[in-house]
Amino acid sequence: VSPLDALVLEEFSLEALDKEVVERFRATLEAVRPNHPWITLAYEDFLLKLNAVGRCQGEGALHPTRAGLLMFGYEYEIVREYPDYFLDYREMGDGTRWLDRVVSNDGTRSGGVFDFWTTVLPRLTAGVKRPFMLSETLQRIEDTDMQAALREAFVNALVHADYYGRRGVVALRFSDQVQI
Numbered sequence: 001v002s003p004l005d006a007l008v009l010e011e012f013s014l015e016a017l018d019k020e021v022v023e024r025f026r027a028t029l030e031a032v033r034p035n036h037p038w039i040t041l042a043y044e045d046f047l048l049k050l051n052a053v054g055r056c057q058g059e060g061a062l063h064p065t066r067a068g069l070l071m072f073g074y075e076y077e078i079v080r081e082y083p084d085y086f087l088d089y090r091e092m093g094d095g096t097r098w099l100d101r102v103v104s105n106d107g108t109r110s111g112g113v114f115d116f117w118t119t120v121l122p123r124l125t126a127g128v129k130r131p132f133m134l135s136e137t138l139q140r141i142e143d144t145d146m147q148a149a150l151r152e153a154f155v156n157a158l159v160h161a162d163y164y165g166r167r168g169v170v171a172l173r174f175s176d177q178v179q180i
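Just so you know, we're using the working numbering here: the sequence shown kicks off at 1 and counts up by one.
Just so you know, nobody snuck in bad clues.
Restraint-style ranges between C-beta atoms, simulated for each label pair:
no. : residue 1 : residue 2 : range
1   : E10       : T137      : 49 to 57 Å
2   : M92       : S135      : 32 to 40 Å
3   : E59       : L99       : 45 to 53 Å
4   : E59       : R97       : 50 to 58 Å
5   : P3        : Q139      : 37 to 45 Å
6   : D176      : R24       : 31 to 39 Å
7   : G58       : V128      : 44 to 52 Å
8   : E23       : D106      : 15 to 23 Å
9   : Q139      : G107      : 35 to 43 Å
10  : W38       : G60       : 21 to 29 Å
Capping the alpha-carbon separation at 20 Å, the derived lysine to aspartate or glutamate pairs in EDC-like fashion look like this:
no. : residue 1 : residue 2
11  : K129      : E152
12  : K129      : E142
13  : K19       : D45
14  : K49       : E10
None of these hints come from the bench; they were simulated from the model.
As the structure is a prediction and not an experimental result, all values here were calculated from the model.
Beta carbons are placed, not taken as given, at the ideal position from N, Cα and C, and that holds for glycine.
Please work from the sequences and hints to get the whole structure.
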């Protein structure tokens with residue numbers, strides 16, 4: 001039995017995925033692991049290795065998997081499979097509804113999970129202080145424990161969400177706290 005997120009969605013074509021977002025993901029992988037063998041693969045082969053696409057019964061045309069659609073899909077395609085899919089980030093202000101907002105369905109981005117992640121994470125961590133610290137090799141340490149904790153909480157919420165459920169993922173940043 002394969003995991004639920006590996007299920008191939010035969011009713012979707014590769015056009016349901018935002019190629020630019022996939023290439024940004026590839027660039028992110030290359031920045032973190034510059035010698036990774038998948039970096040040089042052709043687009044479809046790269047998606048196959050990520051398990052973002054597959055073939056029904058191992059044959060025929062490639063189609064997105066559930067995970068591939070969520071990660072790299074266009075929001076208007078994602079809601080065909082996950083009708084209540086919605087990602088929401090709000091920076092809350094004093095006495096106002098919000099100061100800044102990013103939602104998955106505003107049409108300015110693909111609306112997929114990776115696109116949302118890369119847009120929102122810098123906003124979530126923007127208020128975290130970054131004191132000057134050096135490692136044992138005298139290299140500057142850019143990441144603090146608080147940034148790592150926020151990143152972990154945010155990625156866990158996105159990865160473990162029930163996208164078939166009736167609620168989306170909401171991240172709220174207040175001046176003194178973050179709620180996810």
